[in-house]
Amino acid sequence: MRPFLYEAAIDAAAAVALASVSATAHVTADVQYKGGGTTLIDLMKLEVMQPSTVVDITTIRDEAMHRVTSTNDELRIGSLVSMGQLHADKSIARDYPILTESLWQAASQQLRNMARLGGNVLQRTRCSYFRDTSYLQCNKRIPGSGCAALDGTNRGHAVLGTSEQCIALYPGDWAPALIALDAKVEILGKIGKRTLEFEHLHRLPAATPHVETNLVPGELIIAFVIPGGPRRRSLYRKIRDRQSYAFANASAAVAIDLDGDILRDVRIGLGGVATIPWRARRAEVMLRGERLTEASANAAANAEFDDAQTRKQNAYKVPLGRQTMVRALLEVQAMEIS
Amino acid sequence: MGQINAASPAPLANMGEPIRRTESIAKVTGKLIYAADAPADASAEKPLQAYFVTSAIACGTVLEIDTRPADVLHGVVKVYTHLNAPQRVATPYTQKGGYVSDTSMPLTGPEIRNDGQILAMIIAETYEVARDASYQVKVRYAETVPASTMESPGAEVTHPQALDEKEKKAGDFKAAYRDAPVKVAAVYSTPAQHQNAIELYSTTASWSNGELTIYEPSQFVIELAYGAAAMTGIEPSAVHVKNPYVGGAFGGKGFMTQRTALIASAARDLNRPVRNVVTRAQGFTLATYRAETQHHVHLGADHEGRLLAYGHESWEMQSRRDDYPLAGFGVTTAMYGKPAIETRVNLVKADRQTSGFMRAPVEMPYMYALESAMDELAVALKMDPIELRRVNDITKSPVDGARFTSRSLMQCYDAAAASFGWSKRNPEPGSMRDGDWLIGYGCATAGYPTHMAPAIARITLHANGDALVEIAGQDSGQGTYTVLGQIAARGLLLRPEQVSVVMGDSKLPPGPASSNSLGTASLGSAVKLATDKICAHFGGSAPPEEDRKAAFAKLGLDEISELGEFIPLGKRPEVLDKLRKGQVPFASQARGDQSANGIPLMFAFGAEFVEVRIHRLTREIRVPRMTGAFAAGRIVNPRTAHSQYMGGMIWGMASALLEATEIDEKRGRYVNDNLGEYLVAVNADIPKIDILMIPEVDHEVNPLGVKGIGELGIVGTAAAVANAVYHATGKRVRDLPIAMEKIMN
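Those protein sequence lines, which keep their order, are chains D and F.
Just so it is clear: in the first sequence, position 116 is 116 by this note's numbering, and no numbers are missing.
Just so it is clear: in the second sequence, position 427 is 1427 by this note's numbering, and no numbers are missing.
Hints in this document: simulated from the structure, not taken from any laboratory.
Some clues are possibly wrong.
As the list claims (entries may be wrong) - Taking lysine to any residue and the SDA-like style, the derived pairs with C-alpha atoms no more than 20 Å apart in a straight line are:
(1) F/K1138 to D/P319
(2) F/K1731 to F/A1380
(3) F/K1549 to D/I142
(4) D/K45 to F/R1131
(5) F/K1742 to D/P319
Please construct the entire structure, taking both the sequences and the accompanying hints into account.
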């Protein structure tokens, strides 16, 4: 490993001041925040990331960043809460099953104990051509170099939100759940705090796949805010090759509000199929105010994947993604709510 | 003795006691010293660390390799490339009488013949500096398009004459198949797989007064010692390999690789101990692996299910430089009936590394193909697949009439079927459901030849009742330490805790490779023969505890030491000389071919049953339960045997559903070279597994009456899973792994 400077921040403002010197906020940034380090350290060992300064944010003393608070109006989750801490919270499991399910089905218990939620949503792709620097073609790592996955091994790659420059998958489980809960993200930057719709945090790869988020240099995620109170009729359905410790082949996070069979409201986040945490807006629009049946769910899922772009090995993600969404909708409808 | 439970079954007939593994507590509390931690002695000189730079292309030439940015890093001692690497002496390939698992001889020239070939070796004071330096080495390539798969242009199909003897023939297959009223013809394939033991590959080499000490996880320490001597140009007696514990091997540590001599030569050149730990990703290309296979199987039968014709042509992926043929017809033709038989194997040469052992290397792919075809034949006949096996059960080889020493296949089927609840199966595909889940039941035969190799064990019995067993064998988790102690204790009328077993050291009396499931049969037989010789001093049986002191006093001795020399049935005494030199007598030990020269067929059998559940929408496959019944002669320890069978079935299930090395066809490179993306089964995938050990007595196979069980559990599982998937969905998946996309609606 190359030598780097390690700074332990004592408060969020100090961390932001240290990190704001970077020219970009992305994989090539010279200063990187370290939460649990479960992605960063891995990628530093592989030399995919080579920061000269690592700012440890787990040392930040700001209590609010380490805490979960809930009121009738909102749930507020500090960005330094670990995945393990949130999924062990029994009131969350009751009021927001979608959050608990998306967390405990991710990674392993050891990783969940280390990984912080702020870093979790910024987890980088598992694309092998990105993670292995011996491949010279990766637009995410070396802008303009090309994309080896287009004609390479791409069974695990995205079919939604792709571009000719990048088909790398966003691998996380928790982010689709945040999408389905209409979450917002609070961000601290050099000039102050701002709030962003969570679904606007990530950027489609388009022509600049190395720019993964709308964060600017130094910006630090402080908290996630979920408005509107408990969402007990919600769930996360993850389909994967093996039962544990595997990334999603496809996943669906759904939160609905039912009036008999009629969907008063429905929100759907998709994982395992897209370049970013995917909001299934087309499907939501088709379903809102309609009766939820397998047929209506199918029609909505078909529409959502209408524009899917497939490659040699990942065409199965279209039927799989659709059926995962349908299954999640039927199962959330059938949930027994206490 | 502990509690009797599922993991520690009560001994039935012809079984020893289910004692716990002797090193189990030390193992789970982290007290065992593995090769990459050795020498543990704090006064030993700290080794330098070696790190390999490997090729980023599969085929081509190194035009230029610029090591200067690495050379100047603080802590870098030396950077070797093909321009300055220490000389080594080439040794032939193991299958040609030499000592090395492939003949690539890295760092001897600029040519690149496969992905991940060693291009430079960094030696540094610490691992981190060496790794950092590896990223600084800049290589310029002239790249050519690799032939990376069997279908790639440039892949060459060959048929060396040496394979003829492995190809079985009987009767007129073409006519028999043509005339058969019921037929199946299908193509099956298995993917590339890597062993991925949790303990990484490593070598630590240190020289002292011209003598070389090697710490390396190995399944064959004698071979490693002779191989290292050959490649470093010294006398075999000057090499000492120490390797008491192996953290999983699965074939990957079977024979010496090219790494050992590289590290030993660097240590000699620098006059310092040198250690190399291969990274997980590099382990995919710097050792052998299971290569892809394809099988074109033809079965013909009469209306009652009796086999009339069996044709099997296979294609096996190979490197350009070495042939590692499997040609598993010796196994498949020992299974059923008396059909006309025609078999042929083709070796497909491509720009890939040399393949090699991986659990049941021969039986897993070949029996997957045959047992899938048998299930298809049962469907075509509208016959229960168990009854199809019963109709074709045999007592002698359909090829040459050689008899089996024992064969309990149908006993296994009947016991497993009853335990599993096979009678509840509705044979109609897609007919069994539980809500949104489709249910499928499948079964298949497990069969594994009883391999044996020569082995020499020394036992020293003291008058106080302590006994020491010494043999250069290996234990990579099977329980070999434990069962050898039990065998010695039984022969010498001792309690197991009175026996110490020492292995994993090339200076001990020689033992064979821990491969081919031959450990207990071979090492154990040598131990048994040594106990017999000790007993002879006492008139044929060991003195019981109360008489022991007096018996020794009568002989005027404090201790007695004897060598047991085991020569497998049908082998000449000269095989012991080969053993002493770490050579594997492959030519006379072709797998499943023991029927030559009038020697009977020796096989262990089993029957495996699997339930799968497949979601009607999302099509992921889950395995809630498996049942395996096995008969393999005497079971020395039903607890370790249970673990072996269970581990085999888990591996077999994973090879059906999960395990596959993904190859970038265009670039000829392995892409999922880590445990995140190369999927092995995790606990959550592992179902309820019922293991039934069917009592079987076979006094012919060897002095102990034991057959090999280490790999038996793997053999039928993949086909049983595939057959269950067919039963659940009506879709026959003929290429492994059975990933969800292959059964997607």
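Verification of the hints:
1. F/K1138 to D/P319: 44 Å, violated
2. F/K1731 to F/A1380: 14 Å, holds
3. F/K1549 to D/I142: 78 Å, violated
4. D/K45 to F/R1131: Answer holds: D/K45 to F/R1131 is near 9 Å, not above 20 Å.
5. F/K1742 to D/P319: 12 Å, holds
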